[in-house]
Amino acid sequence: MSYRKFLFKKEPVQGIALFRVVISALVLVNAVMLLPDLETFYSQTGIVSYASPRVFESVNLYYFLKPVFLSSQIIWGFHVLAAISLLIGFFTRTSAWIAFITVSSLHQYNPLILNSGDTVLRLMLFYLGFARSGDAWSIDRWISVRRGTGPRVPRLQMPWAQRLIQLQVAFLYFSTSFYKLDGKAWAYGEATYYTSRLWDFERFPVPYVFDHLWTIRLTTWSSLFLEFALGTLIWFRPLRIPLIFAGIALHLGIDYSMNIPLFEWIMISLLMVMLEPRQGYVLAKKIEGVFHRC
Amino acid sequence: MNSWHTGTWGRRIRDPRAWILGFVGFHIAAIFLCDFPGSSPVRRVLSEPFRPYVTFFDLGQNWSMFAPEPSSLNGFLRGEVKYQDGSTGFYEFPRMCKLGLMDRFFKERYRKWAIDNVRADSHRADWPATARYVARQANRNPAVPPVEVSLWRHWVMVKDPMVEFVPVGYRVPDEKLETFRFHVEKITPADLQIGESR
Numbered sequence: 286m287s288y289r290k291f292l293f294k295k296e297p298v299q300g301i302a303l304f305r306v307v308i309s310a311l312v313l314v315n316a317v318m319l320l321p322d323l324e325t326f327y328s329q330t331g332i333v334s335y336a337s338p339r340v341f342e343s344v345n346l347y348y349f350l351k352p353v354f355l356s357s358q359i360i361w362g363f364h365v366l367a368a369i370s371l372l373i374g375f376f377t378r379t380s381a382w383i384a385f386i387t388v389s390s391l392h393q394y395n396p397l398i399l400n401s402g403d404t405v406l407r408l409m410l411f412y413l414g415f416a417r418s419g420d421a422w423s424i425d426r427w428i429s430v431r432r433g434t435g436p437r438v439p440r441l442q443m444p445w446a447q448r449l450i451q452l453q454v455a456f457l458y459f460s461t462s463f464y465k466l467d468g469k470a471w472a473y474g475e476a477t478y479y480t481s482r483l484w485d486f487e488r489f490p491v492p493y494v495f496d497h498l499w500t501i502r503l504t505t506w507s508s509l510f511l512e513f514a515l516g517t518l519i520w521f522r523p524l525r526i527p528l529i530f531a532g533i534a535l536h537l538g539i540d541y542s543m544n545i546p547l548f549e550w551i552m553i554s555l556l557m558v559m560l561e562p563r564q565g566y567v568l569a570k571k572i573e574g575v576f577h578r579c
Numbered sequence: 055m056n057s058w059h060t061g062t063w064g065r066r067i068r069d070p071r072a073w074i075l076g077f078v079g080f081h082i083a084a085i086f087l088c089d090f091p092g093s094s095p096v097r098r099v100l101s102e103p104f105r106p107y108v109t110f111f112d113l114g115q116n117w118s119m120f121a122p123e124p125s126s127l128n129g130f131l132r133g134e135v136k137y138q139d140g141s142t143g144f145y146e147f148p149r150m151c152k153l154g155l156m157d158r159f160f161k162e163r164y165r166k167w168a169i170d171n172v173r174a175d176s177h178r179a180d181w182p183a184t185a186r187y188v189a190r191q192a193n194r195n196p197a198v199p200p201v202e203v204s205l206w207r208h209w210v211m212v213k214d215p216m217v218e219f220v221p222v223g224y225r226v227p228d229e230k231l232e233t234f235r236f237h238v239e240k241i242t243p244a245d246l247q248i249g250e251s252r
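These protein sequences, in sequence, are chains H and L.
Per the numbering used here, residue 286 is the first one in the first sequence, and the count goes up by one each step.
Per the numbering used here, residue 55 is the first one in the second sequence, and the count goes up by one each step.
Among the clues, some could well be false.
No more than 25 Å apart at the CA atoms, straight line, and that leaves these computed lysine-lysine pairs for BS3-like [what the hints assert, rightly or not]:
| id | chain 1 | residue 1 | chain 2 | residue 2 |
| --- | --- | --- | --- | --- |
| 1 | L | K152 | L | K230 |
| 2 | L | K240 | L | K136 |
| 3 | L | K166 | H | K469 |
| 4 | L | K240 | L | K152 |
| 5 | L | K213 | H | K469 |
| 6 | L | K166 | L | K152 |
These are computed hints drawn from the structure, not numbers from a lab.
All figures in this text were calculated on a predicted structure; none of them were measured in a lab.
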């Protein structure tokens, strides 16, 4: 496939719209989970001391506001509103940008509590700021159809923003597997021995698998290979769906055994966007069908 | 063939796809050069022009989850609080392994803060704020305020399975963990003020 076809050949938008709904729901849950500890994480009497940045280097609303709890509450409030607005597809791209700017500000106030899932969500909001994800499954579309300015069936659009997300996801998997190749525990097949012995990460018990060296090696090497494949082999069409299913199984397995709150669900939603736009369309239509039946 | 294939440069520049292609190329180069693992002098030089863009949109991330080595450290932090009357008390940072399933899910960020960040020597700059936070948490009686907070690390490393293969769920009792006091902070009355007036 040429790069022109890859970026610009018009494709259905239902897949990226479905991705928008899932990601914004996760952004919303992530934000609401912060609420009980908002003052601890984002106030002058909390766990970090923060002064307003003197130089405007990054997107950060604290440059314009005092770094006090009230500012954090306002930023958090706008973030939640933007996430809801993105979820329902109301001023979709503007909402994505507002959600991105607000969450970037909060991340810069307190980077000590961030995990990779936070970074992934922030990046996805950046990409959704460019994507035509509000052209389906959205209030924006409902309004345009009612006003007679939008077509009854969503128009095909250039998928370049979705392609950027796909490239980012593949890069993420490839670089994490590349990093791991540098580690002895991964090379010797012992990595999951260590991760399964971390007291703070324990979740549900996994009998047998982490009690025997051969299964520990199998899980270590297979997850390393799968991450590498999700960053490289996923571009070969016949392998794409099997790899996506294998990736979902990997992330569900980690989510079952380890306490890493939303990260695995975020990664599963990223795998969904790795589908070709036409495959995404089929998936979105199937989900639509389920809703209609309900 | 469409205008993309046959157009002159002038026409191509007016085509939005040319701008999109430029942005996509620039963005991919920025992400690859700034975020790919490892560093070489050539890549450092090549990535320099892209740094302001990556910094401005906060796009940098090294994707090093459990890499290159997974963590092998079990441990926790504790604050020792000395009060004005000479008595002492302890503040224990939230420990995931002592919480129920739901609390563990919601409080995971405390582990990230304490164990992955504050505990490390590279986060020395965050120790005073952490100690002041501990002091405020421990300031239960205004007549006897905290005057000093010490931060302690307690830890044990998971040994190589070829040396010692321990079963899943095996715990080393707290009193057998390695211990080290890594920071002492004098607390002033201003440090204890709650609210935005500080």
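Status of the hints after comparison with the structure:
no., hint, verdict
1, K152(L) <-> K230(L), "holds (17 Å)"
2, K240(L) <-> K136(L), "holds (10 Å)"
3, K166(L) <-> K469(H), "holds (24 Å)"
4, K240(L) <-> K152(L), "violated (30 Å)"
5, K213(L) <-> K469(H), "holds (14 Å)"
6, K166(L) <-> K152(L), "holds (15 Å)"
Checked against the numbered hints listed earlier, the structure breaks hint 4 alone; every other hint is satisfied.
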